Amino acid sequence: MAELCDSCWNDFANDLAEYEGATAPPRPEPGPEDFECIEPPECPECHGQIMAFPTNYDRWVYLASREFPAKEIPSRYRWRLMEIPRQYSHVAVRLAATQPLPGELVRPAHVAVCISPDAVTAVEEARESDFLRAQPSETDDFGDA
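Each residue of the sequence shown is one higher than the last, beginning at -17 in our numbering.
Just so you know, these hints were derived from the structure itself, not from any lab.
Computed from a predicted model, the values in this text were never measured in an experiment.
Treat the hints with care, since some could be wrong.
Claimed, not checked - Here are the simulated DMTMM-like pairs of lysine to aspartate or glutamate, each with C-alpha atoms no more than 20 Å apart in a straight line: (1) K53 / E86; (2) K53 / D16; (3) K53 / D(-3); (4) K53 / E110; (5) K53 / D(-12); (6) K53 / D(-7).
The whole structure should be built from the sequences, with the hints applied where relevant.
Next comes the structure, spelled out in structure tokens:
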């Protein structure tokens, strides 16, 4: 397995974050004398509650505040929270290599549930892409002669 230098790792992680939509700023770290609760940020477009989670590659992503069945969320926006002992309470991992069952719960990226016109357009394009990818192409050979 290859190892990357710090500069190459940052370039790779930044490119991956851009592709996956993990471009949220990190949560503010409370000071040692802060006892106030840090409220989750609000989406500037829809004013809904968004939650920032660290990814498994040290970037941050805004996720919806609750889980949805996988069949309702385009594959591009499906995430799952994994508990990592002694680091963060949870780490967001995008479900890219595996396909969850339609009824399995996933945590969508906020854009998948945002009502802003740009988000709705992006989600519809992702749904169409999923649909087209699921259709057999003319070059598929299923043994029919």
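Here's how the hints hold up against the structure:
1. Restraint check: the Cα-Cα separation between K53 and E86 comes to about 8 Å, which is no more than 20 Å; the hinted pair holds.
2. With a C-alpha separation of about 41 Å, the suggested pair K53 and D16 falls outside the 20 Å cut-off, and the hint is violated.
3. Using a Cα cut-off of 20 Å, the hinted pair K53 and D(-3) is violated, with the two alpha carbons roughly 27 Å apart.
4. At roughly 13 Å between alpha-carbon atoms, K53 and E110 fall within 20 Å of each other, so this suggested pair holds.
5. Only pairs whose Cα atoms come within 20 Å are accepted, and K53 paired with D(-12) is rejected, the gap being roughly 38 Å.
6. The straight-line distance between the Cα atoms of K53 and D(-7) is roughly 33 Å, outside the 20 Å bound, and the hint therefore fails.
Violated hints, listed in ascending order, are 2, 3, 5 and 6; each of the other numbered hints is respected by the structure.
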